[in-house]
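In order, the protein sequences belong to chains A and B. Under the working numbering, the first residue of the first sequence is numbered 1, with each subsequent residue one higher. Under the working numbering, the first residue of the second sequence is numbered 1, with each subsequent residue one higher.
No lab work stands behind these hints, which were simulated from the structure alone. Treat the hints loosely; a few may be bogus.
Some, not all, of what chain B presents toward chain A, calculated at C-beta under 10 Å [unchecked claim]:
(1) L8
(2) L60
(3) G61
(4) V62
(5) Y64
(6) A110
(7) M112
(8) Y114
(9) D178
(10) G181
(11) W215
(12) N219
(13) T225
(14) G226
(15) S228
Between beta-carbon pairs, the in silico distance windows are [said to hold, decoys possible]:
(16) S301(B) with T50(A): 43 to 51 Å
(17) R287(B) with G86(A): 39 to 47 Å
(18) D329(B) with T50(A): 30 to 38 Å
Glycine included, C-beta positions come from ideal geometry on N, C-alpha and C.
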Amino acid sequence: MDATVLRLDPAVAIRPEPFGALAYHYDTRRLVFLKHPDVVRAVEGLDGRTVTSEVLDACGIDPGRRDAVERALVSLVRSGIVAEVGP
Amino acid sequence: MTSLVDQLEHGLSAPICLTWELTYACNLDCVHCLSSSGRRDPDELTTDEAIAFIDELRDLGVFYVNIGGGEPMIRRDFFTIIEHAVANGVGVKFSTNGTFIDDEAARRIAAMDYLDVQISIDGLDETTNDAVRGTGTHATALAAARRLADAGMRDFKLSVVVTRHNVDQLDGLLALADELGAQLRVTRLRPSGRGADSWDDLHPTDDQQRTIHRWLLDNGDRVLTGDSFFHLNALGESLPGLNMCGAGRVVCLVDPVGDVYACPFVIHERFRAGNIRRDGAFTEVWRGSELFRELREPGSSGACASCGAYDVCRGGCMAAKFFTGLPLDGPDPECVGGEGERALAGAGPRPVSDVDHSRRPRTVTPVPVTLVAK
């Protein structure tokens, strides 16, 4: 995950909520809960150019929370909210 | 950390699942109509008001709106409204009886992005369906479905309300949806609207509740349910989906005259939160109404407190309790632990809604629904 480059799928909209955010994929009609503000910050930091580890550094994720955020990103890739950008 | 369900129960900045009934007008007279539709209300939102409402939903970040009625396609500005919504990033899922889906409408629908269509059909055969929805409605729904399929529309929905008479047809309905390139959606029958008159005769029996639970566990990944069967979780394994009552927390209903209710199944003054014309705008009603604030408070589990299943069934459906005269903090009338039947035996009077657009005067006392072969 650290060395991959990710971006938010262009068909996804994000809406902030007290618990984190909602993400909705307009093409697949999939609604996903971003259950922690750290995950929201990480997703918002994805720019399709920077490798994930640097994105997580840049948005100041607490080292103790990093694994959890990475796991969340893996799951978001699986659900199509976030997409891997080719090398 | 508090669970997601706990957090959602405190409410969201905007609803996830907003139902908007465009009109009370309907060409049909289904015996279980949740909104007691039939006649148009003279006070329904104008086209300009409908457009302004969509703009507000866009600004709130509402991802999609569930449009229903009545029969929404009866409105002459139906396509104006849905095209404006989709163009503004508010996806549309609309429910129709299919009457007005001619070839041209089918082509227009199939060509639109972010549009989902649900065609209501309540039985695999004419006898089962037409007893509930009216003579000829099975043929009409199927014809509309075939027109959509022929126009290239993929994954439209066949939407079935599960009743005592169609539980055994679920496999057949799933096969029918497959054959049409459609998706099956099954939802729970509620004693709301005219459903109050037919619920006693149509709601699934205790044995059938078990059948539905098993069937949903076996087929749940291929079938949409609107997460409406969470009362069945008390049988053991939990069904997929958000297992909670979303009324006023993640769900609400806006009716054709702009009244906001806690959910699509509680059109009754007790659950009216405000009006989008009179009380500022929708945003103010959603965020500030006293009713919604009350619904977002932690609920009491009341008579269910000592039941081990409460954590998974969460006391069931508020609307089902309310319209069968049961206390809101007690068991669901279809509680699979048997508490529903006991509670119903001692239930209070059944509340009757002050909103009724039925074309025929309704009897307040429940009337039997019988299946008559043609």
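Cross-check of the supplied hints:
{"no.": "1", "hint": "L8", "in the structure": "holds (8 Å)"}
{"no.": "2", "hint": "L60", "in the structure": "holds (8 Å)"}
{"no.": "3", "hint": "G61", "in the structure": "holds (4 Å)"}
{"no.": "4", "hint": "V62", "in the structure": "holds (8 Å)"}
{"no.": "5", "hint": "Y64", "in the structure": "holds (8 Å)"}
{"no.": "6", "hint": "A110", "in the structure": "violated (16 Å)"}
{"no.": "7", "hint": "M112", "in the structure": "violated (12 Å)"}
{"no.": "8", "hint": "Y114", "in the structure": "holds (6 Å)"}
{"no.": "9", "hint": "D178", "in the structure": "violated (19 Å)"}
{"no.": "10", "hint": "G181", "in the structure": "violated (16 Å)"}
{"no.": "11", "hint": "W215", "in the structure": "violated (23 Å)"}
{"no.": "12", "hint": "N219", "in the structure": "violated (19 Å)"}
{"no.": "13", "hint": "T225", "in the structure": "violated (15 Å)"}
{"no.": "14", "hint": "G226", "in the structure": "violated (13 Å)"}
{"no.": "15", "hint": "S228", "in the structure": "violated (16 Å)"}
{"no.": "16", "hint": "S301(B) with T50(A): 43 to 51 Å", "in the structure": "holds (48 Å)"}
{"no.": "17", "hint": "R287(B) with G86(A): 39 to 47 Å", "in the structure": "holds (43 Å)"}
{"no.": "18", "hint": "D329(B) with T50(A): 30 to 38 Å", "in the structure": "violated (52 Å)"}
Figure legend: structure checked against the earlier numbered hints; hints not met, in rising order: 6, 7, 9, 10, 11, 12, 13, 14, 15, 18.
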